[in-house]
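Engineer: Position chains B, C and D against the provided structure of chain A, taking the given hints into account.
Residue numbers (the working numbering), protein chains in the order written: chain A, 2 to 312; chain B, 2 to 312; chain C, 2 to 312; chain D, 2 to 312.
Treat the hints as calculated values from the structure; they're not laboratory data.
Hints should not be assumed to be uniformly reliable.
Which copy is meant is left open, so a pair is good if it fits within one copy or across any two.
Stated by the list, open to error - Distance condition first, Cα-Cα at most 30 Å in a straight line; then the derived DSBU-like pairs of lysine-lysine:
| # | residue 1 | residue 2 |
| --- | --- | --- |
| 1 | K243 | K12 |
| 2 | K12 | K65 |
| 3 | K56 | K308 |
| 4 | K289 | K121 |
| 5 | K121 | K309 |
| 6 | K84 | K56 |
| 7 | K8 | K84 |
| 8 | K65 | K121 |
| 9 | K84 | K121 |
| 10 | K289 | K123 |
| 11 | K289 | K84 |
| 12 | K8 | K123 |
| 13 | K289 | K133 |
| 14 | K36 | K309 |
| 15 | K56 | K8 |
| 16 | K65 | K84 |
| 17 | K289 | K8 |
| 18 | K56 | K36 |
| 19 | K309 | K123 |
| 20 | K84 | K186 |
| 21 | K123 | K84 |
| 22 | K308 | K123 |
| 23 | K308 | K12 |
Keep in mind the model is a prediction, meaning the values are calculated, not measured.
Protein chains: 4
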Amino acid sequence: MIKLARKISRKPRAKLSPRDNSTLNPYTEPIEIIKPGETVTISTWDAFGGVVSPKQTFQEAVEKGLTGALNQVTGPIYIEGAKPGDTLVVEIIDIDLPEYGGTSIIPGFGALEGWLNLMKPKTKISYIENDKVIYRTDHGQVIEIDTNPFIGTIGVSPSYEAIQTLAPGPHGGNMDCPDIRIGSKLYLPVNVDGALFGLGDVHAVQGDGEICGTAVEVSADVTLRFSLQDNAIDWPRVESDKMIMTICSARPLEDAARLAYRELINWMVEEYGWVRDDAYMFLSLAAKARISQIVDPLYTVVAKLDKKYLE
Amino acid sequence: MIKLARKISRKPRAKLSPRDNSTLNPYTEPIEIIKPGETVTISTWDAFGGVVSPKQTFQEAVEKGLTGALNQVTGPIYIEGAKPGDTLVVEIIDIDLPEYGGTSIIPGFGALEGWLNLMKPKTKISYIENDKVIYRTDHGQVIEIDTNPFIGTIGVSPSYEAIQTLAPGPHGGNMDCPDIRIGSKLYLPVNVDGALFGLGDVHAVQGDGEICGTAVEVSADVTLRFSLQDNAIDWPRVESDKMIMTICSARPLEDAARLAYRELINWMVEEYGWVRDDAYMFLSLAAKARISQIVDPLYTVVAKLDKKYLE
Amino acid sequence: MIKLARKISRKPRAKLSPRDNSTLNPYTEPIEIIKPGETVTISTWDAFGGVVSPKQTFQEAVEKGLTGALNQVTGPIYIEGAKPGDTLVVEIIDIDLPEYGGTSIIPGFGALEGWLNLMKPKTKISYIENDKVIYRTDHGQVIEIDTNPFIGTIGVSPSYEAIQTLAPGPHGGNMDCPDIRIGSKLYLPVNVDGALFGLGDVHAVQGDGEICGTAVEVSADVTLRFSLQDNAIDWPRVESDKMIMTICSARPLEDAARLAYRELINWMVEEYGWVRDDAYMFLSLAAKARISQIVDPLYTVVAKLDKKYLE
Amino acid sequence: MIKLARKISRKPRAKLSPRDNSTLNPYTEPIEIIKPGETVTISTWDAFGGVVSPKQTFQEAVEKGLTGALNQVTGPIYIEGAKPGDTLVVEIIDIDLPEYGGTSIIPGFGALEGWLNLMKPKTKISYIENDKVIYRTDHGQVIEIDTNPFIGTIGVSPSYEAIQTLAPGPHGGNMDCPDIRIGSKLYLPVNVDGALFGLGDVHAVQGDGEICGTAVEVSADVTLRFSLQDNAIDWPRVESDKMIMTICSARPLEDAARLAYRELINWMVEEYGWVRDDAYMFLSLAAKARISQIVDPLYTVVAKLDKKYLE
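Chain A on its own, in the form it takes in the complex:
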């Protein structure tokens, strides 16, 4: 990859602030201004705040007392011209992975917390080589998993709240959605002037549900191109070559699915001319859905439709 992009660095760890980097909010001063159309490469923190390395797992960092607030983002980034009611379009051009990533079981966290009888903390470092995560099992097997690098936490400022970066919502945030990957376009609703964009929490690969609460957590360099549309949307949307997708978050999980399907019906009606109840019926035959995650403050579902059905 040739990086023609302007580079935006992450802060040195000592300068990370829970107030400024662990929320998406309208209060913090932007760290950069970007023009629509510009391509930039942004360095991101892993979800543990950058403490994980082959020499020190998250578990060891916790034991040393080194860990601050979790899931810190690089931002806020001010997008010139963005104003409330616009849609921010983020093309994901590239995600450059490091040589390793970390996965942790954290007591009090994870989808099976209280459902299994083990729940001791555990951290494992996996190397990443030739687009494979090398996973060494506890029973002596070495497994290669194809990487699918994607951005776990990506969003804009809410209109007046400061929402913790562990939470997903209509503003984006910690959606942990594997479809926000290289080649896809993410649509986000703009709530404040400049959008105040932030991102972090890249995953080298993740299973549906992210059930132990973490994936292969990495720091990464992410190359993006921004543009603006003057229509309003209610929840994040993604588009790939093949699919249109809506991403909604709620509890219980069925409400996330209902919201995502309702958004997808809205999209079909507004942009593709479908009749409302006919779209509902057709999705009952042809839609796909993904459980993104069931570990964060709200749970996330992606509803999908193949574009081949839309002409």
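Structural biologist: Frame of chain A; chains B, C and D shown alone:
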């Protein structure tokens, strides 16, 4: 397809009984006895009780007052030698679809009931040709959807309950799981002597979640081969050439996902030698999940792992 | 109290059948026929099947392998003249408590299963004297709790299902509702000829939610008077001198609350002349609700309105 | 009531800011500093931002376009000496009600949204006289409801988030809990220096669940006395003459109940010497619970125990 199999017919509609055909139960006399190893072809009712045809939609049948209990099964079928604590293995050899199927929006039913502002009843007949469902949209488009024939309702008798066939559970039932398809093996826990197997509600194709409450509902001829294993399982499992899968049902939907993932971890530990918390962590990186349906009395999730990771 | 009532005994333990006594169902032969207007005294089993006594706790019975199916009911009792579409009215005349009752923590059961770090089984016998339960705490305190005897499991047969007695539903069942007490009237929808009534699981006292999964579980003699009304209801209702109440069960718990409030609005509209949205608004100011239980297969909420507001 | 207290006014409506008055947050400058031990009277906004009056209902205000952000609080108030890890104790000395209050059904809001077939907006003004709310039904009845004035929204700043005042949480907020009433003591965990306290949304009376989404919404003068304790708590607690209570918020509703009961068990163990599983068992016999509200972003349950059992 050459049918060497013994044939089991469905009853004439006049003989369908809500008590006997709309529950899986230990009370009804078996209609047939099958030996392990035997291949049989079983005719099934569509979910509307066989009233739907190109000349009469479900909606028209309801208006005429013709509709009895929904989702009636062919059964009970007694599997020789099956006893509580065994596992019944059902190989799905073939599913022979008819020329059309029906899809309905039914007021008071469906995942978006109360979430959209339309909710009038609606029925649509779609023809099935050359492994395609021909869907005619209300805005004048003709769409071909590849069929994926599968058995929506399939299960065994509970130990002492009579569970309505609209509900899924540990005994199987209305799981609406598109992975119970040709070429896959379904594992069901045996609760009573003879297992007392029943099935119906075949779908020509279905989207994840079956959101309007119905798919392409068909009557069909299903060819199966049965065998027995002497180990016990807690919830239905499916195996394809490529994946191992667990199917669990609960409300809210996240509990179905938690149950399915816990079952999958149990399977990895018991049969493939994984360490418990390592399996949990690995699934967080590599598992797939499917939302089968969010419209029945309990909601259903399938948790999946690619067999390539299991040696 | 003078018992003029006919007496219906519970079966000897050896004759209890999971199939017949652990479901409410239309399959089992009635044990008695009762005429409307007749007062009867019915002996009931405690939820553990009668194994608990000061000499043997539930825990000890489990360790000896003595325990069969849980929560067995006395029934079915055929109510002469009851037919589908009627409402069965059950006046609770008296509940005669024994000298002790049992409370258990059962692993895998209880509202805080997986939420506390203890979850060893535990059984405690409490004596009942002068309308007080005498509770001896593990830290050496003796506490008297006023008894509130009520019927935990009470219901009629579903139309064609056999529903386990551990579950509540539109047919009644294991509602664990402390308002089904002496002096109140319970209304149940009749689904089959004769109603096929059953009851058991009396509690000497219970907290809201029944959070550890058991209350003070007792065998008891319950005196009832039955009558019939020819209107249909959708869910159980209760009436005391002071309140009208609806009892609904679902998961998640908010759906039980929504159902119960919707039923209460229906009651206000149909019998007391309220305008629908005005009833909704008024309940937002003046209703009471009780969390009956959050431990059974469906959760139960009681919605209540003081009769003084109804003229 | 004699008001010896310092008075803190609410802002003129023109100065209310969504950013500052519709979140509890650590960003906004305090409007006042109060010393522990001091008694103050604070004027609060009704939940509609003060637009409701006998001459103009919320509905009319919406139609005129007058309505800004909802549920604005008076604050932040800096409590001298409060620091993270402390507990702020708020004694509710008095709540002085106005002469009327407003109740609204708001489309898209309310527990039965999508469950009833009406859902047009509706606003009703009720006069308050002699400690009674005078409710005029649509079918011509005049009903007096005893007032129970309480503070619907009351809390402190989170450590780094700005949480919308419509939401409840560990920091307090929109708990809509009728037990936060005259004579009770509310305990709140302090997260930032000065606590940064705020309150509003007083209700003259409210039913359990606040099901249409609003109660009798009033502006009011609230007299409070503050003090500090140097122990930490995880969730708000309330104490009356008679009861100890914990208030927790989550979705689904059963999780709010589980959290509240777990907090109550913790309280019994830490302050009253109970053994953990014994407290769990005892609450299953003797606890009370209240569904505070099922209409806000998280749902709220209060778990209660009578103090007579804690001697």
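Engineer: Hint by hint, note whether the structure agrees.
Structural biologist: How the hints compare with the structure:
no., hint, in the structure
1, K243 with K12, "neither (36 Å within a copy, 44 Å between copies)"
2, K12 with K65, "within (22 Å within a copy, 48 Å between copies)"
3, K56 with K308, "neither (46 Å within a copy, 32 Å between copies)"
4, K289 with K121, "between (35 Å within a copy, 25 Å between copies)"
5, K121 with K309, "between (47 Å within a copy, 28 Å between copies)"
6, K84 with K56, "neither (45 Å within a copy, 36 Å between copies)"
7, K8 with K84, "within (24 Å within a copy, 40 Å between copies)"
8, K65 with K121, "within (17 Å within a copy, 34 Å between copies)"
9, K84 with K121, "neither (47 Å within a copy, 32 Å between copies)"
10, K289 with K123, "between (33 Å within a copy, 22 Å between copies)"
11, K289 with K84, "neither (33 Å within a copy, 38 Å between copies)"
12, K8 with K123, "neither (34 Å within a copy, 54 Å between copies)"
13, K289 with K133, "both (26 Å within a copy, 18 Å between copies)"
14, K36 with K309, "neither (33 Å within a copy, 46 Å between copies)"
15, K56 with K8, "within (28 Å within a copy, 59 Å between copies)"
16, K65 with K84, "between (44 Å within a copy, 25 Å between copies)"
17, K289 with K8, "neither (36 Å within a copy, 35 Å between copies)"
18, K56 with K36, "neither (39 Å within a copy, 50 Å between copies)"
19, K309 with K123, "between (44 Å within a copy, 25 Å between copies)"
20, K84 with K186, "within (19 Å within a copy, 45 Å between copies)"
21, K123 with K84, "neither (44 Å within a copy, 33 Å between copies)"
22, K308 with K123, "between (42 Å within a copy, 25 Å between copies)"
23, K308 with K12, "neither (40 Å within a copy, 42 Å between copies)"
Comparing the model with each numbered hint stated earlier shows that hints 1, 3, 6, 9, 11, 12, 14, 17, 18, 21 and 23 do not hold.
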